[in-house]
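Asker: One letter stands for each residue in the lines below.
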Amino acid sequence: MTNKFKTAFDCICAEDKLKESALAYLQDEIQKRAKPRSRVSFRRLAAVLSSVVILILSGVFSYNLYFTPNAYVDVDINPSVELTINLFDRIIGVYAYNSDGEDILSKLDLKHKNYEEALISLITTIDKNGYIQDNSLVSVTLQTGSESREYKLLTQLEDDITAIISAYNDVLQADVFAVSGDTREEALKYNISPAKYLAILELMDIDPTVTVESCRGHSVGEIKQMTRERHGSGHSSDFGNNGGDHHGGNENGYHGGRE
Amino acid sequence: MRSEAEANSAVEKYADTVRRVCFLHLGNYSDVEDVFQEVFLKYILYDRPFESDAHEKAWLIRVAINCCKDLLKSFFRRNVSSLEDIAAEPFYIQDESKEILDAILKLPDKYRNVIYLFYYEGYTAVEIANMLNKSENTIYTWLSRAKSKLKDALGGESFDE
Numbered sequence: 182m183t184n185k186f187k188t189a190f191d192c193i194c195a196e197d198k199l200k201e202s203a204l205a206y207l208q209d210e211i212q213k214r215a216k217p218r219s220r221v222s223f224r225r226l227a228a229v230l231s232s233v234v235i236l237i238l239s240g241v242f243s244y245n246l247y248f249t250p251n252a253y254v255d256v257d258i259n260p261s262v263e264l265t266i267n268l269f270d271r272i273i274g275v276y277a278y279n280s281d282g283e284d285i286l287s288k289l290d291l292k293h294k295n296y297e298e299a300l301i302s303l304i305t306t307i308d309k310n311g312y313i314q315d316n317s318l319v320s321v322t323l324q325t326g327s328e329s330r331e332y333k334l335l336t337q338l339e340d341d342i343t344a345i346i347s348a349y350n351d352v353l354q355a356d357v358f359a360v361s362g363d364t365r366e367e368a369l370k371y372n373i374s375p376a377k378y379l380a381i382l383e384l385m386d387i388d389p390t391v392t393v394e395s396c397r398g399h400s401v402g403e404i405k406q407m408t409r410e411r412h413g414s415g416h417s418s419d420f421g422n423n424g425g426d427h428h429g430g431n432e433n434g435y436h437g438g439r440e
Numbered sequence: 004m005r006s007e008a009e010a011n012s013a014v015e016k017y018a019d020t021v022r023r024v025c026f027l028h029l030g031n032y033s034d035v036e037d038v039f040q041e042v043f044l045k046y047i048l049y050d051r052p053f054e055s056d057a058h059e060k061a062w063l064i065r066v067a068i069n070c071c072k073d074l075l076k077s078f079f080r081r082n083v084s085s086l087e088d089i090a091a092e093p094f095y096i097q098d099e100s101k102e103i104l105d106a107i108l109k110l111p112d113k114y115r116n117v118i119y120l121f122y123y124e125g126y127t128a129v130e131i132a133n134m135l136n137k138s139e140n141t142i143y144t145w146l147s148r149a150k151s152k153l154k155d156a157l158g159g160e161s162f163d164e
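Protein chains in written order, with my numbering: chain A, 182 to 440; chain B, 4 to 164.
With the rest of the complex left out, here is chain A (with noise of 0.2 Å):
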């Protein structure tokens, strides 16, 4: 066996791709670390105290950037909460769209903390709290202004979802899309996360007798598999009057603080 083991390893060797990029990075890594230094001179020293006024009078710009909102991250499992995200990666405002999320939410304190690290206590929480089941759907939309800030925070966060799925065992399911600004404008006209104001025009196109007012109650997975039903079977039903089994908060006239 033993033999057998040395010639499974013996298969793994370093690529000559994996070489070549060290060698390189280490040729520049070696001249890099070469350069003599150089004495220290007027010229040098005027940059040096020019960088600092510099940085002293940006103090305020960059307080400024820092509480400026660079994306929203939606969760909306349920309970449903927003994420504000700065250019840093940090937590700078959330929100909950049901007495749910404030519930989560009040026990959590993610102000200033990096979005991933946010995202694993807010599902963690969510988690502990009772609220994941079996086949929940974890629906996370993401918004920002810039292209290539999407497609960044996108890939990451599709990362970061697919991890904590895996460690459910693959109970959990997941959404995690983009959507535009005017899309999460509408959303935040119902109080509702993007993704459920998407899920119901979806539904409404198929039952036009459904409204937002009687799914906000629903989850985004129910809401959902409402769709597939009816798509199913061809016809409306009194989708609002069925309380059923009911997972969505309470709704009705909550109106969380948004910070």
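Because the hints were derived from the structure by calculation, they are not lab data. Any given hint could be a false lead.
[As the list claims (entries may be wrong)] Derived CB-CB ranges, DEER-like:
| hint | chain 1 | residue 1 | chain 2 | residue 2 | range |
| --- | --- | --- | --- | --- | --- |
| 1 | B | Arg148 | A | Leu236 | 52 to 62 Å |
| 2 | A | Glu383 | B | Ser33 | 50 to 60 Å |
| 3 | B | Arg148 | A | Asp290 | 17 to 27 Å |
| 4 | A | Phe248 | B | Ala8 | 36 to 46 Å |
| 5 | B | Thr127 | A | Ser202 | 27 to 37 Å |
| 6 | A | Glu383 | B | Lys16 | 58 to 68 Å |
| 7 | B | Leu75 | A | Tyr332 | 18 to 28 Å |
| 8 | B | Arg51 | A | Asp284 | 56 to 66 Å |
| 9 | B | Leu75 | A | Asn316 | 24 to 34 Å |
| 10 | B | Gln97 | A | Gly362 | 25 to 35 Å |
| 11 | A | Phe248 | B | Leu75 | 25 to 35 Å |
| 12 | A | Leu238 | B | Arg65 | 28 to 38 Å |
| 13 | B | Ala8 | A | Ser202 | 17 to 27 Å |
| 14 | A | Glu383 | B | Asn11 | 55 to 65 Å |
Heads up, the beta-carbon is just placed ideally off N, CA and C, and yes, glycines get one too.
Dock chain B against the given chain A, drawing on the hints supplied.
Answerer: Relative to the frame of chain A, chain B by itself:
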């Protein structure tokens, strides 16, 4: 700082060893590339002389294991998922070897290290204990548990041939 010639020589001599350590711990090629570069960067920045080639190799293995651990500590890094994810090009592996490697990759981190170091690199438990900063007893325990898990996974063959 070591020279470019020393860096080239080290990469040539120890690339496969460092690659195997990365293989045991890292889930994707991008992470492998990062750790691989970092290990050899640390090598060229390490000024003290090595007592021997064996000392040099053991040092590199230890650094590689620690670099993998540090990378995995960051948020949401996944451990090894499958053989297909972790190479730039496919490794050409026979079915029997694939089965063995898959079984090893399913072991907890610490067991993978000791199995690799003991059965492939040929280090003693004492040497492994020094490399991993653990007691000799711990290494024996890990080896025993790792062998037991592998025996179950691979159909009961003995390891100590």
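Asker: Check each numbered hint from earlier against the structure, then list the numbers of those it violates in ascending order.
Answerer: 2, 3, 4, 10 and 12
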